[in-house]
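Letter by letter, the chains look like this.
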Amino acid sequence: MRRGYDVFMAVLFAATVALMPVALYLIFVNAPEEKVMGAVQKIFYFHVPIAAVTFLSVFVLLAGATGYLWTRRAGWDHLSIASAEVGLVFCTLVLITGPIWAKPAWGVWWTWEAKLTTTLILWLLLAGILLSRAYASAPEQGARVAAVLGVVAALDVPIVYKAVDWWRGNHPIVFGAGKTNPLAPGMLSALLVSMLVFVLLYALLLAARMRLAALEDRLAALEDAAWRSQS
Amino acid sequence: MKSYVFLFWGYLVVWVGLMAYFVVLGRKIASVARRLDSLEARTQGGDPRRTT
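Top to bottom, those sequences are chains A and B. The first sequence: position 163 = 163 (the numbering used here), numbered continuously. Position in the second sequence (first residue = 1) + 231 = the numbering used here.
Next comes chain B alone, as it looks inside the complex (with noise of 0.2 angstroms):
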């Protein structure tokens, strides 16, 4: 039985990681795109101010 819960935390503790990682990713990507696509139409609208 002391076995199997050993198992459970090895096995909860790799895929929580790892899909931690990969929403932390997603939701880095997608804030990065959006500050670029804000950035971008405004030069192109002839406001390019800094975006910080």
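Extracted from the complex, chain A is given alone in its bound form (with noise of 0.2 angstroms):
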């Protein structure tokens, strides 16, 4: 078991490794320089696949979370937090990175439009769930409240990607309705594999953060044991 997580955690990172180099080739010399943004538009790279690995982790948060309450099982309640947390971390540099792109294009940091805003929303719901994790009264009742608040994430992240859309605002819109192809070739090539290194990136977190919890669910279990021995 040991043995084979060791195995998944090296190959991960070395497709990790192996890529990266490949994904700063494609958008600092391959990737054409937009015209009116000039080189700061290359932060698109980062922020992009960094929001759609947010919102990945908050799906698997979610089926982590109902499977735990589904079934009991452990290994779904570490899935659910590891999530949250990765997600967390993930969410919080799309939240700096964002605005260090809207100040040279837009003129100011920060704006309170709707794409944003539900950014942020998601983000507290985020935070709410590692917090209810960390001072629950009892493990049970935080994974109930870390399921509930994992459903308001879920569907919070529909309305974070519609917002645009639904409210109009400053966000640029590259994909959606009538965009067919909006990149240009280099552009594309390497927002996927900038997008396929986060995604490794975001499993190899996960699988980390995932062994820890269940590391520590076992010297909780066995402090426990010595504990009620010696009393």
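There's no promise every hint is true.
Here's a subset of chain A near chain B, in silico, CB distances under 10 angstroms, partners left out [claimed, not checked]:
id, residue
1, T92
2, I173
3, L215
Source of the hints: derived by calculation from the structure; they are not laboratory data. Glycine included, C-beta positions come from ideal geometry on N, C-alpha and C.
Build the complex: two chains, separate frames, hints provided.
If you want it as structure tokens, here you go:
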């Protein structure tokens, strides 16, 4: 079991490390510079994949939370808590890289338009899930609260995605209805490879966080048994 | 030129952020594994004292 995990992590790590320079070459050398925004547009190749991975993490979190409530198996709970934490890291990076692009493009770091605001709500929900897990009086209660917040976060994801279509705003729409082939070939390949790198990074971090959750559970059980046998 | 400065900071934030999280996670796993090994060794040695 342990050996399988180590091999899995080694393969994931090797694949990520091998693809990272390819993504960097495609982004910084191969992809053409956007005419209006210039070099800062290349933040797009990090910002969009990180946002996509944030969405993925919310759905994985939801699957883990509902799986745990359904089966009460610890593995689902580990998946849920791991995806919430890794998702929070990615969502934080979305909220940092967005303003770094927005300042030169819009002239402001932040504006309370729909896409940005709903993304901030998603960040708050993910933080709320982790807080509810950390401060719940019983693990069962924490898992239930996290599952409910996970459903709300999963409902927020399509709202974030469609926010510009529904409420307009400054945020650019690159993909969507009537936007056939919006990127130059060099831009598209850079985006796709970058997307793959971030998905691999997500899988790597998720597996590591799940391992930590499993070890913490085992440690807590052993400490409890040791304490009982002592008292 | 100014555009490159923003690109640099955006790039730096992403990789430093992810690498920092990766390192923190690795250190936590190592710490919990050490405590677990120590507790298992004590339990098997007939000295089940709570490690805190």
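Now the hints, each set against the structure:
no.: 1; hint: T92; result: holds (7 angstroms)
no.: 2; hint: I173; result: violated (20 angstroms)
no.: 3; hint: L215; result: holds (4 angstroms)
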